[in-house]
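Once you've looked at the hints, go ahead and assemble the two chains, each given alone in its own frame, into the complex.
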Amino acid sequence: MARDSAGIESPPKARKRAESPRGLEWALVALAILYPAALMAGPLLAILWGALSSGFGAMARQLTSPEAATALKLTLLLSFAATALNTVFGLVVALVLTRDDFKGRRALNGLVDLPFAFSPVIAGFTLILLFGRNGWFMNLIDSLNLRVVFALPGMLMATTFISLPFVARAVAPVLRHVGQEQENVAYTMGAGYWRTFWSVTLPNIRWGLLYGVSLTFARAVGEFGAVLVVGGGVTRFTETATLYIYRSLDDRNEVGAYAMVLALAVISFCLLWLMEYARKHAQDE
Amino acid sequence: MNATRAREYSPASVAPLPWGRWSLRAVALIWLGVMIALPLAVLFEHGLREGGVRFWAEITNPVALAAVRLTIFAAAVMTLINAVMGTLTAYVLTRYRFFGSRLFNSLIDLPFAIPTLVTGVMLVLLYGPQRTLGAWLEARGVQIIFARPGIVLALLFITYPFVIRTVQPVLMAIEREQEEAAWTLGASRWETFTKVILPMITPAIVSGSLLSFARALGEFGSIVVVAGNIPRSTLTAPVYVFGQIESQNQMGASAVSILLLALSFTLMLLVDWLQKRRGGEHGAG
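Quick note, the sequences are listed as chains U and B, same order.
Oh and the first sequence: position 152 is 152 in our numbering, straight run, nothing missing.
Oh and the second sequence: position 32 is 32 in our numbering, straight run, nothing missing.
Next up, chain B with everything else stripped away, as it sits in the complex (with noise of 0.2 Å):
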């Protein structure tokens, strides 16, 4: 690895005056902490301001615990199909070659191009009840626009890459060797899968769900036009904080905002952790 021959040099040790280094250090900090320490400041203040028990009470008002548990909810089972359908997928693209394969691997990110607004109208289109597919399902007993199947469906959507773009660079990484070693051994292809790959791909799986988990929780754009946002039934956390801040109750937007953004700054912090105990280097920076 190239980065450990850079560590050699020590960042000052042939590069002129260090005042250079020292704005460029001043510019990162200004920039970040008021883009970013800022805001955070703001809304632990604002949300702490009456008190832990004013805070306690908006964040346990019910319909505001019913919104944040939906949301966890959805992205858990957006999460679990992710990880088995990203594995799947990112090990297709890396093991086999077939015809549109490369084609394949370049639509992957598309979901990262396309506005979550946009992805939710188009789900509306296809599934809305006033749609053929849509009327034809719902004359079954299934509804999905404006109900729980629909805020699942758009989370998949925009989260489809994650789990795919995680774990592809880490099978790329595997030895061929190894797993033909396992086969030469006796050891059928499900077993090789099972206990050669599986377990040093694992950290990276487990990366790349509770990411897509992480952007999940906040995800606004697709569900407010899909979910229906309905009380106690298919409002989700964020769409909560959103009609917080429109009906003037700040202290509720912001105190259900801490929670949400408590729970999604843990999961990139077990990420973090997860990336550093599999790449070592990752840490660096």
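Bound-form chain U, shown alone (with noise of 0.2 Å):
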């Protein structure tokens, strides 16, 4: 059973046992539906709203002016480099957690999390004080002719560090439920490292890797404060969907904003399918 931190862990299989409310319990039951429901549904309807209202061809144009074009290109290039690298290395952390011993891997577990404690605004910061003027390695990416703080490098590194634990997280846990008999008996069996991996362990953590992904990836997408304070939101150049949102707000250009929230909607619902069904196989397994 999950038992990690942040909520990331997949519950496990409803009890079958579960009952129909009766009586007074229906009262819990309500309360428990409209608390949600007065929080969230009006502010989804509300956007919903002014969305329809500002009607489909003013907002399609919005999305394909250069600018939101650039910036939703950003956001996705960005999410998918910071998912990949996270991934690759969620399993790597998740692998040495789980199966590896060695003075110091408590320490390491603590570190994995610490990108929770981060706001993400210190995690830009921190970036600026690494590679921005008097910063630590300034004087290394200078001679290197290189640009991180108000460019790619530093906002990849900033959504990389921001959706850094969740894979870890999510796959952690199914590496430990799932025991290291079946690997043990392919070493036996004479395959080594790297077969073992493709061929026994990942299939038994597929479910969880995938839920872990689809986290990091709508973490990475929605990321906001960090590529703020390290890309400064230059229009076409390190400007993120995110970005282009709040700065249309300012703009009040309401249409843009809604044409761009609009489409992040569409990503959070396709990932939130995916996180549904990666738990549900999770569960079944």
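Treat the hints as calculated values from the structure; they're not laboratory data.
One or more of the hints may lead you astray.
[Unchecked claim] In silico EDC-like cross-links for lysine to aspartate or glutamate, where the CA-CA straight-line distance does not exceed 20 Å:
1) K103/U <-> D272/B
2) K195/B <-> E175/B
3) K276/B <-> D101/U
4) K195/B <-> E180/B
5) K195/B <-> E177/B
6) K195/B <-> E179/B
7) K195/B <-> E25/U
This structure is a prediction, so every number in the text was calculated from the model and none was measured.
This is how it looks when you write it as structure tokens:
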């Protein structure tokens, strides 16, 4: 059973012994449903109403404008790159946390969770302290003629940092739950590390991995504070989709903001569906 | 539990030569070192570079202090509501089956899929002073947007799943028999809940609540749109840090960052400790 932090584990299958509510229990059920409905349905309907009343034609024109298209492309590029990095390294970290044993592994375990405790603003700020003017590595990146702050590499690092723990945290409990028996059998039969990973370990953890990957991608797409601080939000250069929404609201370009919100909403719902799909399969296994 | 069985094997027992294990370990250490330890180190070095007196002056600056206090206050209010509503929702989801309960369960993660900036935009659209509902409320003396209630609402929205998703697995694991035994012994449903179930799920409630608290301390995207960011009134700590970065006061930014980080990291350690007490096995990875 999963018990890692941040609510990112997949809860086990609902008990078959769940029953229909009776009498006063309906009041509990009603309260549990009405609270999120009051909290979330109103705002969701408000934005849907705003978007619909501004018309699809106008929104499509905004969304295909060079600024919006560049912003959306940049968000997708950063999210895919950050997710790829975090998938590979998250798997390595999860494997080390569950299959390896050495002094300092506990500290490593605490380190993985740290980005959850970082405000995105602070995450972006540390990159400025590292690579900006008077930063620790200013001389190094100057001599290499690189730009990190107010450029793509810094934004990629920020996005990667902010979404770093999800894959490791979703995969580690599954790895622990599956145990090492099958892997050891593979080793005994002469399979190497690589072969064992591809044909034994990976199939066992695939749904947990998919859950972690979709959470990572969702977090990366929605990132705002860190990319604002480190990228500066220069239109058509370092402006991501969320930064585009922020600027559109400032410029009173509401139609543009609605259009981008809807574009992100489509991505969000696909991701939510993917998360649920992965969670259900993870529960069934 | 499978994990006890898995522990009988030492990782090196049947696996091929250890170079694979060592290189994995090295990759994990370098990745987490570069991505997490380095930013942490530069932040502390920068914040304490000019000595404790300067650090103290920066965090006791009245505007900074008010911002930190507001952040903690808003997060505390949100956490109390989350603890109660999250527990109730988790209970309803595990114990009752009703029309739409499965759909309800899959929609819990929705706030994880929505960019927090979008959450802020949605709240402004519904409760903003120029909107129908917002104007109606304002005529009755209730201001939500550009005021503290808006901050709490935004935090409630984005942290909605935390308590539910930490309490749910624990509730599922509680044997129905224990509850039934309590009923047979003459306890009412309420007594059963407070005397049998509640003590068992309290650590999970506390972990989920602390996690949502830590998350709220760093929230930026939704707050920056909703709060209005008036110094000493609706300016939260992450927005204060952002302002200090923008106005080139890096000392002020890093001092308050260190304070925020220390706070949320302490909470995360507390969560880890609680989960270890609860699960025993969590400490393994």
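Provide an ascending list of the numbers of those earlier hints which the structure does not satisfy.
none
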